[in-house]
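Participant: Those protein sequence lines, which keep their order, are chains A and B.
With this note's numbering, letter number 113 in the first sequence gets 113, and the count goes up by one each step, no holes.
Here this note's numbering = 1-based position in the second sequence + 117.
Honestly, the hints are just simulated from the structure, not real lab data.
Some hints here could point you the wrong way.
Chain B is faced by these chain A residues, among others (derived, beta-carbon under 10 Å) [said to hold, decoys possible]:
hint : residue
1    : 11
2    : 32
3    : 53
4    : 57
5    : 58
6    : 61
7    : 97
8    : 110
Straight line, CA to CA, 27 Å or less: simulated BS3-like cross-link-like pairs of lysine-lysine [what the hints assert, rightly or not]:
hint : chain 1 : residue 1 : chain 2 : residue 2
9    : B       : 196       : A       : 19
10   : A       : 101       : A       : 19
11   : B       : 229       : A       : 101
12   : B       : 229       : A       : 43
13   : B       : 172       : B       : 196
14   : B       : 161       : B       : 172
15   : A       : 101       : B       : 161
16   : B       : 229       : B       : 196
17   : A       : 43        : B       : 172
18   : B       : 229       : A       : 19
19   : A       : 65        : A       : 19
20   : B       : 172       : A       : 19
21   : B       : 229       : A       : 65
22   : B       : 161       : B       : 229
Have a look at the derived ranges for each label pair, beta carbon to beta carbon [unchecked claim]:
hint : chain 1 : residue 1 : chain 2 : residue 2 : range
23   : B       : 147       : A       : 116       : 41 to 47 Å
24   : A       : 89        : B       : 148       : 39 to 45 Å
25   : B       : 175       : A       : 63        : 26 to 32 Å
26   : A       : 116       : B       : 122       : 29 to 35 Å
27   : B       : 152       : A       : 31        : 26 to 32 Å
28   : B       : 122       : A       : 63        : 41 to 47 Å
29   : B       : 120       : A       : 74        : 34 to 40 Å
Quick reminder that beta carbons are idealized off the backbone N, C-alpha and C, glycines included.
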Amino acid sequence: EVQLVETGGGLVQPGRSLKLSCVASGFTFNNYWMSWTRQAPGKGLEWVASITNSGGSTYYPDSVKGRFTISRDNAQNTLYLQMNSLRSEDTATYYCTRWSKGWFAYWGQGTLVTVSS
Amino acid sequence: DVVLTQTPVAQPVTLGDQASISCRSSQSLVHSNGNTYLEWYLQKPGQSPQLLIYKVSNRFSGVPDRFIGSGSGSDFTLKISRVEPEDLGVYYCFQATHDPYTFGAGTKLELK
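Build out the structure end to end from the sequences listed, making use of the hints.
Facilitator: Here's what the structure looks like:
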């Protein structure tokens with residue numbers, strides 16, 4: 001059974017940093033691209049970042065480019081999202097997802113990030 | 118960025134009825150490789166989203182055959198025949214043809 005478990009969310013002040021982690025199990029982690037997707041409270045979904053199975057290439061929308069960095073440790077079956085210069089509009093539940101080159105096949109339960117002073 | 122417009126915003130239904138959700142794109146979703154990366158997700162209350170349909174009309178593993186995706190180009194539809202209680206929630210369409218990938222705003226399937 002595919003499992004994705006996110007950790008690292010919490011309350012952070014604007015301008016500060018936070019790093020999310022996602023531990024994957026139930027599949028061969030280094031065979032799959034991975035992604036992060038977020039959902040602001042009561043709002044819709046937004047793709048945040050994707051990374052190739054080797055970690056050699058990464059992709060971001062303009063809303064987070066230059067502030068967020070997706071990375072992975074294939075030996076530890078772990079995906080990361082480093083978030084810098086956080087803004088109030090980054091407040092959301094962040095989901096770790098297994099990316100199948102066109103769709104998010106599996107989702108974690110999410111971790112809530114609140115950016116507020 | 119590609120804008121996906123979902124209608125209706127809310128769809129009141131009676132259990133056992135058919136429901137239909139439309140997703141229209143601001144540009145064609147046909148990729149240069151010939152695939153159309155239009156997907157449908159369902160987010161049940163208090164849960165993470167789950168994949169229902171990928172590449173327009175392919176049901177994901179375990180998805181009942183009462184979920185039918187169709188369409189082409191920039192006009193897509195998700196039909197749910199014989200709505201059951203576990204089908205209630207918010208449905209999102211999503212495109213991965215054009216960077217950045219984008220979601221529709223969602224359609225809430227609710228009881229009348």
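Participant: Each of the hints needs a verdict: does it hold here or not?
Facilitator: Hints, verified against the model:
1. 11: For residue 11 of chain A, the interface hint is violated, since the closest Cβ of chain B sits about 21 Å away, which is over 10 Å.
2. 32: violated (14 Å)
3. 53: violated (17 Å)
4. 57: Hint violated; residue 57 of chain A Cβ to chain B Cβ min 12 Å, cut 10 Å.
5. 58: Interface hint status for residue 58 of chain A: violated (12 Å vs cutoff 10 Å).
6. 61: Hint holds; residue 61 of chain A Cβ to chain B Cβ min 4 Å, cut 10 Å.
7. 97: Nearest chain B Cβ about 9 Å off; hint holds.
8. 110: Holds, about 6 Å.
9. B:196 <-> A:19: violated (40 Å)
10. A:101 <-> A:19: This hinted pair holds, its Cα atoms lying about 25 Å apart.
11. B:229 <-> A:101: Cα-Cα ~38 Å, so violated.
12. B:229 <-> A:43: holds (23 Å)
13. B:172 <-> B:196: holds (15 Å)
14. B:161 <-> B:172: This hinted pair holds, its Cα atoms lying about 22 Å apart.
15. A:101 <-> B:161: Given pair residue 101 of chain A, residue 161 of chain B holds - Cα atoms ~24 Å apart, limit 27 Å.
16. B:229 <-> B:196: Status holds; Cα separation ~18 Å.
17. A:43 <-> B:172: holds (25 Å)
18. B:229 <-> A:19: violated (43 Å)
19. A:65 <-> A:19: It holds: about 16 Å lies between the C-alpha atoms, which stays within 27 Å.
20. B:172 <-> A:19: violated (32 Å)
21. B:229 <-> A:65: violated (43 Å)
22. B:161 <-> B:229: Between residue 161 of chain B and residue 229 of chain B the Cα gap is close to 17 Å, so the pair holds against 27 Å.
23. B:147 <-> A:116: 41 to 47 Å: holds (42 Å)
24. A:89 <-> B:148: 39 to 45 Å: For residue 89 of chain A and residue 148 of chain B the Cβ distance comes to about 30 Å; the hint is violated.
25. B:175 <-> A:63: 26 to 32 Å: This hint holds: roughly 29 Å between Cβ atoms.
26. A:116 <-> B:122: 29 to 35 Å: Roughly 32 Å apart at Cβ, these two residues keep to the hinted range, so it holds.
27. B:152 <-> A:31: 26 to 32 Å: violated (20 Å)
28. B:122 <-> A:63: 41 to 47 Å: violated (20 Å)
29. B:120 <-> A:74: 34 to 40 Å: The hint (34 to 40 Å, Cβ to Cβ) holds, given that residue 120 of chain B and residue 74 of chain A are roughly 36 Å apart.
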